[in-house]
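2 protein chains.
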Amino acid sequence: MAKQNILIIGAGGVAQVSAHKLAQWAPEFGELHIANRTKAKADAIIASLREKGHEMPFTSHALDAMNPDNVEALLKKIDAGIVINVGTAFINMTVLEGCIRAGAAYIDTAIHEDPAKVCETPPWYANYEWKRRGDVEKAGITAILGAGFDPGVVNAYARFAEDEYFDKIDSIDIVDINAGSHGRWFATNFDPEINFREFTGTVYSWQGGEWKENRMFEVGREWDLPVVGKRTAYLSGHDEVHSLSARYKDSDVRFWMGFGDHYINVFTVLQNLGLLSEHPVKTAEGQEVVPLKVVKAVLPDPASLAPDYEGNTCIGDLVKGSLNGKEGEVFVYNVADHKLAYEEVGSQGISYTAGVPPVAAAILIARGDWDVKKMVNVEELPARPFLELLGEMGLPTRVIDAKGDHAI
Amino acid sequence: MAKQNILIIGAGGVAQVSAHKLAQWAPEFGELHIANRTKAKADAIIASLREKGHEMPFTSHALDAMNPDNVEALLKKIDAGIVINVGTAFINMTVLEGCIRAGAAYIDTAIHEDPAKVCETPPWYANYEWKRRGDVEKAGITAILGAGFDPGVVNAYARFAEDEYFDKIDSIDIVDINAGSHGRWFATNFDPEINFREFTGTVYSWQGGEWKENRMFEVGREWDLPVVGKRTAYLSGHDEVHSLSARYKDSDVRFWMGFGDHYINVFTVLQNLGLLSEHPVKTAEGQEVVPLKVVKAVLPDPASLAPDYEGNTCIGDLVKGSLNGKEGEVFVYNVADHKLAYEEVGSQGISYTAGVPPVAAAILIARGDWDVKKMVNVEELPARPFLELLGEMGLPTRVIDAKGDHAI
Numbered sequence: 001m002a003k004q005n006i007l008i009i010g011a012g013g014v015a016q017v018s019a020h021k022l023a024q025w026a027p028e029f030g031e032l033h034i035a036n037r038t039k040a041k042a043d044a045i046i047a048s049l050r051e052k053g054h055e056m057p058f059t060s061h062a063l064d065a066m067n068p069d070n071v072e073a074l075l076k077k078i079d080a081g082i083v084i085n086v087g088t089a090f091i092n093m094t095v096l097e098g099c100i101r102a103g104a105a106y107i108d109t110a111i112h113e114d115p116a117k118v119c120e121t122p123p124w125y126a127n128y129e130w131k132r133r134g135d136v137e138k139a140g141i142t143a144i145l146g147a148g149f150d151p152g153v154v155n156a157y158a159r160f161a162e163d164e165y166f167d168k169i170d171s172i173d174i175v176d177i178n179a180g181s182h183g184r185w186f187a188t189n190f191d192p193e194i195n196f197r198e199f200t201g202t203v204y205s206w207q208g209g210e211w212k213e214n215r216m217f218e219v220g221r222e223w224d225l226p227v228v229g230k231r232t233a234y235l236s237g238h239d240e241v242h243s244l245s246a247r248y249k250d251s252d253v254r255f256w257m258g259f260g261d262h263y264i265n266v267f268t269v270l271q272n273l274g275l276l277s278e279h280p281v282k283t284a285e286g287q288e289v290v291p292l293k294v295v296k297a298v299l300p301d302p303a304s305l306a307p308d309y310e311g312n313t314c315i316g317d318l319v320k321g322s323l324n325g326k327e328g329e330v331f332v333y334n335v336a337d338h339k340l341a342y343e344e345v346g347s348q349g350i351s352y353t354a355g356v357p358p359v360a361a362a363i364l365i366a367r368g369d370w371d372v373k374k375m376v377n378v379e380e381l382p383a384r385p386f387l388e389l390l391g392e393m394g395l396p397t398r399v400i401d402a403k404g405d406h407a408i
Numbered sequence: 001m002a003k004q005n006i007l008i009i010g011a012g013g014v015a016q017v018s019a020h021k022l023a024q025w026a027p028e029f030g031e032l033h034i035a036n037r038t039k040a041k042a043d044a045i046i047a048s049l050r051e052k053g054h055e056m057p058f059t060s061h062a063l064d065a066m067n068p069d070n071v072e073a074l075l076k077k078i079d080a081g082i083v084i085n086v087g088t089a090f091i092n093m094t095v096l097e098g099c100i101r102a103g104a105a106y107i108d109t110a111i112h113e114d115p116a117k118v119c120e121t122p123p124w125y126a127n128y129e130w131k132r133r134g135d136v137e138k139a140g141i142t143a144i145l146g147a148g149f150d151p152g153v154v155n156a157y158a159r160f161a162e163d164e165y166f167d168k169i170d171s172i173d174i175v176d177i178n179a180g181s182h183g184r185w186f187a188t189n190f191d192p193e194i195n196f197r198e199f200t201g202t203v204y205s206w207q208g209g210e211w212k213e214n215r216m217f218e219v220g221r222e223w224d225l226p227v228v229g230k231r232t233a234y235l236s237g238h239d240e241v242h243s244l245s246a247r248y249k250d251s252d253v254r255f256w257m258g259f260g261d262h263y264i265n266v267f268t269v270l271q272n273l274g275l276l277s278e279h280p281v282k283t284a285e286g287q288e289v290v291p292l293k294v295v296k297a298v299l300p301d302p303a304s305l306a307p308d309y310e311g312n313t314c315i316g317d318l319v320k321g322s323l324n325g326k327e328g329e330v331f332v333y334n335v336a337d338h339k340l341a342y343e344e345v346g347s348q349g350i351s352y353t354a355g356v357p358p359v360a361a362a363i364l365i366a367r368g369d370w371d372v373k374k375m376v377n378v379e380e381l382p383a384r385p386f387l388e389l390l391g392e393m394g395l396p397t398r399v400i401d402a403k404g405d406h407a408i
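So the sequences go chain by chain: Z and P. All residue numbers in the first sequence are consecutive under full-length UniProt numbering, ending with 408. All residue numbers in the second sequence are consecutive under full-length UniProt numbering, ending with 408.
Okay, chain Z solo, but in the shape it has when bound:
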């Protein structure tokens, strides 16, 4: 069988990482393509690949992915077998539609969002993606949802605990700590618009077999984690809770994100003043403006943070459960280093952890291991091949269990 052509959609920090990883693993694929609304940003990524010694492995394309006709046309034109969608979260459904029509496999790393809505009814996946399950199966394509780090690798960590530790799972607590420092007064690690939207709505968690609602920063807990040490993380809303709760109905599923007091203060000021709103306000001069888009405009471009970023991230799942009635717990995790990520692919650690996994997913589709010809979330797929491949690709998995802290 001929090797499949692959297309990255998007040209931000995550796309940069995915492109570098694809270039490193180019023998797994046919042609490599990258498409973005602004073609110049795709070209910049290609230039950075060339700087690292990769010999022009990509072709760039201008693409308005909000229109499925455009996506379909490009996929057919380049005969794409696999699409990695790491563009804005607003294009998932149009890109998926293009893949269904063109018969290409689909991979994304974050849930679909409607620009006009924040925090819809849980489970979020049921509002958009899961409605297309039938169409995906009918088209005979593979669609892997949320295959970044979180969601993505952390879903595989939960499945790993299911496969190798427990026959009954009581709780899955996903903890995401960024202990890195970018040296700016304030910045978000990815698109501020998406970043803040995560925290302005209701915090949904799955506990006791039902959805619990909290406000952001209402519930905090101190964690003591490898490398990053003691950190406070807050119960947060996040994509993976909305799929893991379906597979692990009888378990508590929570997501905890670490924040420093400075971040919380800035967020609280902007939030309380109304500057994080996606609803337009009118200035005294009569101009209609969405405040959140202005906040985004004044904040540093997340991609610009990479050169000065230092320190580590630690992201993992604390899974509690039992095997043959014997209770136990395991912490499955990865530690990533911002500086090493920058040296390798020119991006900081947050982009690195998000951009490598979809390439691993694409390799597993190309090899057939994950080419399931239906729509799945990552926890529905065998975890070990994914985690072992990620280890080879720079994101090793470790566990802390009864035997101590060791590699899988």
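Bear in mind the hints are in silico, worked out from the structure with no lab data behind them. Some clues are possibly wrong.
Copies of one chain are not kept apart here, so a pair can be met inside one copy or by any two copies together.
[To be verified] Derived DSS-like pairs: lysine-lysine, alpha-carbon spacing no greater than 27 Å straight-line: (1) 39 - 282; (2) 52 - 403; (3) 293 - 117; (4) 374 - 52; (5) 41 - 282; (6) 168 - 131; (7) 138 - 212; (8) 282 - 117; (9) 212 - 131; (10) 282 - 293; (11) 373 - 249; (12) 374 - 403; (13) 230 - 373.
Got chain Z; can you put chain P on it based on the hints?
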């Protein structure tokens, strides 16, 4: 001599106060007029006058005061003798030009600002207003600059100390404490655009015979003042320093404004993020937006704070000097009550203290006491008639001197 027609330009919180005070002192004048860019806001003030039992003493007009031709035409049409300019700080020079052409007396309460510039070379008055001194004198009109509370009454306080206490003045420290509470999470007491612009630039003070430069919130000092008690105030840039430094060349002239930690935190976040900038930024969608105007749009309308405002302001001058070689000091001050202001004229205390003094100045022009037929700042005029009239009008002056705390 026939009584002079008077025109208020502007229809914000300060204009509301000035209009009510003019209505109370209507016998001093001929016809009363109010003009504003949006005529409906002038009509709303007239409606509030009617609610207080004043029988329609005003005629309203729509006026774009950025064009001196419009100002001239309106002044001639209504045969205005005196103009109280309490509109935005951007219109001073065009309104003054209109007064010069039409032969009307001019009063304002804040220094002229160019929308595109923050914090120009000191003394600020020399950049715009004082350049027109010759033209004002040639036209034979009276122009009283900065006749609000600060600048305005505090300039008269300095002159009062000069007239009645000292033959040599060593220092003038103006302290402005608002110990009131509006019950909102955050709000500015007057137009946020003007409010924040005051604090984003260099803080100029006149010390040791020269301009000193500091940053906002760099120099703080605890004060213990009548009624409001112990409060921290910060060395700030303010109009009056830029005129008092001319008359009191050998004295130190400083302005201190009180701020709570909450205000400073919000200001610091907005300032550091770049959201207080008057320079346009471009959103990802390509829209050009001035961040400060968006901040203004999301903040509460200062006029809306009045009904719930409680507590007091204390604004005064601590003047140190000597008389016949004997050193001494006097604190000349006023305490105003937000709630009483609202009950009397429907505005909070900050607007009240700013809106009453220009009406007192207009009365003194109408009576001839202050009709000096040239351009002056308030400290160039005899202070006692002004302060005594202000006492009758609701802003009594008190002093703390060797004899204790007493009325003037």
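Tested hints:
1. 39 - 282: For residue 39 and residue 282, the Cα distance is within 27 Å only across copies (19 Å; inside one copy 32 Å).
2. 52 - 403: For residue 52 and residue 403, the Cα distance exceeds 27 Å both inside one copy (40 Å) and across copies (81 Å).
3. 293 - 117: Close inside one copy (15 Å) and across copies (25 Å); limit 27 Å.
4. 374 - 52: Classified as neither: same-chain Cα gap 36 Å, cross-chain 73 Å, threshold 27 Å.
5. 41 - 282: Cα proximity of residue 41 and residue 282: across copies only (17 Å, versus 32 Å in one copy).
6. 168 - 131: neither (29 Å within a copy, 84 Å between copies)
7. 138 - 212: neither (35 Å within a copy, 76 Å between copies)
8. 282 - 117: Close inside one copy (19 Å) and across copies (23 Å); limit 27 Å.
9. 212 - 131: within (24 Å within a copy, 67 Å between copies)
10. 282 - 293: both (14 Å within a copy, 9 Å between copies)
11. 373 - 249: within (25 Å within a copy, 85 Å between copies)
12. 374 - 403: Cα proximity of residue 374 and residue 403: none, with 37 Å in one copy and 91 Å across.
13. 230 - 373: neither (43 Å within a copy, 72 Å between copies)
When held up to the earlier numbered hints, the structure conflicts with 2, 4, 6, 7, 12, 13 and fits the remainder.
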